[in-house]
Amino acid sequence: MSALTVRNLNSYYGSSHILWNVAFDVEEGTSAVLLGRNGAGKTTSFKSIMNLGPSVRGRILLRGEDVTGVPPHRLARRGMGYVPEDRRIYAGFSVTENLRLGGFAFSSNGRPMEPDEVFDLFPLLKPLAARRGGQLSGGEQQLLAVARCLVGRPSVMLLDEPSEGLAPVIARNVLDALRSLRENTDFTLLLAEQNVSFAMNLATHVHVLEQGELVYSGTKEAFDADPALKTRYLSL
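Taking this note's numbering, the leading residue of the sequence shown gets 1, the next gets one more, and so forth.
Calculated from the structure, these hints are not laboratory results.
Only a predicted model underlies this, so the values are computations on that prediction, with no experimental measurement involved.
Among the clues, some could well be false.
Restricting the straight-line Cα-Cα distance to at most 20 Å, the calculated cross-link-like pairs of lysine to aspartate or glutamate (EDC-like) are [what the hints assert, rightly or not]: (1) Lys-220 <-> Glu-28; (2) Lys-220 <-> Glu-27; (3) Lys-126 <-> Glu-140.
Label-pair restraints from in silico Cβ distances [unchecked claim]: (4) Asn-38 <-> Met-1: 17 to 23 Å; (5) Lys-126 <-> Asp-186: 34 to 40 Å; (6) Arg-57 <-> Ser-217: 16 to 22 Å; (7) Asp-120 <-> Ser-235: 35 to 41 Å.
C-beta atoms are modelled at their ideal positions from N, C-alpha and C, and glycine is treated no differently.
Sequences and hints are given; from them, build the entire structure.
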């Protein structure tokens, strides 16, 4: 079953046409990655799905339900989690308080996770529980942003550039937590990345954007077997 379906997605900022007839599916329980160079349209794709800015034509379905144009807070209540590039941590609140706010804002699938449950997934956050969000490093803030989104047990999670600026130990904690969720639940993930190595550690399926158009969709194995594709669209 498709957890997230995007059909003929066209996105605009004013008169600028950014996305052109983008279409893909993310099957339930899989981890898909949206790859592309800087400016290819990855973040615009996420903002279009979440109804956060661009004018949109096309259809977006969440587990078969048409959610095109549904406000972000209602998408969250229906099980869509989103971690943007800028993290949006509450700087004056502690790590634990940030996590509890995540449960209030995003819970849609039963009881939110308790902080101790989150710390089991993200052990690097546990010794920081009382520290304010504004006192964390950039990598620690990214870890907290991902953890906070997961508190509400989203069925589908959009993760925008999660590895950007992360120290290796923090990147590994993010990878391990997301892998654990994917392997032990029906959790579905769509991440946008420029870091292909990080993405391939999670992905089951790959979609590639180039100048606002989807130029490739396939399995991770098929993508790995086509070095010309990586050279052409990702300069690898």
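Next on the checklist: I want to verify a distance hint. Is the separation of the beta carbons of Asp-120 and Ser-235 within 35 to 41 Å?
Outcome noted: Between Asp-120 and Ser-235, where Cβ atoms are some 39 Å apart, the hint holds.
Item to check | Cβ distance range 17 to 23 Å for Asn-38 and Met-1, holds or violated | outcome: Given about 33 Å between the Cβ atoms, the range is violated.
Next on the checklist: Need the status of pair Lys-126, Glu-140: alpha-carbon distance at most 20 Å?
Outcome noted: holds (11 Å)
Checklist entry - Does the Cβ-Cβ separation between Arg-57 and Ser-217 fall within 16 to 22 Å? => result holds (20 Å)
Checklist entry - Between Lys-220 and Glu-28, is the straight-line Cα distance small enough, at 20 Å or below? => result holds (16 Å)
Item to check | 20 Å Cα cutoff - pair Lys-220, Glu-27 | outcome: holds (14 Å)
Checklist entry - Is it true that Lys-126 and Asp-186 lie within 34 to 40 Å of each other by Cβ? => result Hint violated: Cβ distance 27 Å, outside 34 to 40 Å.
When each numbered hint is compared with the structure, violations occur for hints 4, 5.
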